Amino acid sequence: MTIDPTTLTAILAMALITYLTRIAGIFLVGRLALSGRAKAAFDAIPPAVLVAVIAPTALATGWPETLAALVTAVAATRLPLLATIAVGVASVVLLRMVAG
Amino acid sequence: MNKPFAPSAPVDTARERAAGIRDIMPVMIAAAPIGLLFGALCAGKGLSPAEAGLMSVLVFAGGAQFAALELWTWPVPIATLAFSTLLINARHILMGASLAPKMRGFSLGQKLAGFYFLTDESWALAERRAKDRALTPAYWFAVAALLPFSWVSSTIAGAILGSFLGDPARIGADFAFTALFIGLIAGFWNGRVSAAAIGASAVASAATYFAFGPPWHVAAGALTGIAAAYVAAPVGEDAPEAA
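First to last, the protein sequences are chains B and A. Heads up: the first sequence is residues 1 to 100, going by the numbering used here. Heads up: the second sequence is residues 101 to 343, going by the numbering used here.
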């Protein structure tokens, strides 16, 4: 049960930033009325960030990973989250076996 | 249910609390396996159960935590992790601004403490409840502040179990991140605008990763995706709400 000082610093930085985003809305009520394109851009932040994080694994690792990502995306449109993960993991194992 | 010593209380606190517990219970059950996965992946990255649990207590934001883990290297890139956290959690600002005016019976202290537990799920449940009745502190603290118990305990359990699993790639567990993120991304789907954001972010991120390596692919992909959403959205009218 060790806690590395650098890891602790990273966790504290993440925690502080997250808490500030959570309470910022209290002080912005009435001053933050995004609409139209600005609202669309703001709404797009979470998916854009999530895609950016996984794109190297999904697109720049090898064809098994890319194909498994496509299979997972199809699964995500009709299955709950945990089933989607199961499909993704199973397909990457199978495709890596095929790839040798 | 009414407390005999408070007959004139306008709000039935016990009933509000029970409603909050009832609403959040399915979410707590669904969060447990995700927490186990998060803990196991923490162990795969070399984090101790104490560190994994501490992150789930203090950050308590699944998307940002999984993203941080994917970006985690040694030495720890603190600035990259902080920036990624800011980008992913920036949506809290709008969520809070939308919910705060509906918390009329809350003191500022209750809002500041209560919003520590703000998550996509508790926010969505509270917004739904606020449509036809007043939002009470009893309801909010039940619906929001119970979820950490499930998230943190499953994180620690996953981190302890994960250290016995060995190499995550052997069982495809290294791909669990990617699959999880694809599932989360699907939850933000709202048609053409999100398609533009996702496609642009994917291409820009992969290209930047090829050309410059980590961590620049995150910022490049995110900013390109956000710009694409701005361009793809209709001018002058309200964009469709994200689900």
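A few of these clues could be false.
Said to hold, decoys possible - Footprint (simulated), chain B over chain A, 3 or more residues, beta carbon under 8 angstroms:
1) 184 to 191
2) 240 to 247
3) 276 to 290
To be verified - Calculated lysine to aspartate or glutamate pairs in the DMTMM-like style (CA-CA distance at most 20 angstroms, straight line):
4) A:Lys231 to A:Glu221
5) B:Lys39 to A:Asp220
6) A:Lys202 to A:Asp112
7) A:Lys211 to A:Glu221
8) A:Lys145 to B:Asp4
9) A:Lys231 to A:Asp123
10) B:Lys39 to A:Asp123
11) A:Lys202 to A:Glu227
12) A:Lys202 to A:Asp123
Unchecked claim - Computed footprint of chain A on chain B; a stretch qualifies when at least three of its residues, placed anywhere within it, have a C-beta under 8 angstroms from a C-beta of chain A:
13) 10 to 17
14) 37 to 48
15) 54 to 63
16) 66 to 72
Don't read these hints as lab results, they were simulated from the structure. Everything numeric in this text was worked out from a predicted model, so none of it was measured. Just so you know, even glycine gets a beta-carbon here, dropped at the ideal spot from N, CA and C.
Broken hints, numbered, in rising order?
2, 10
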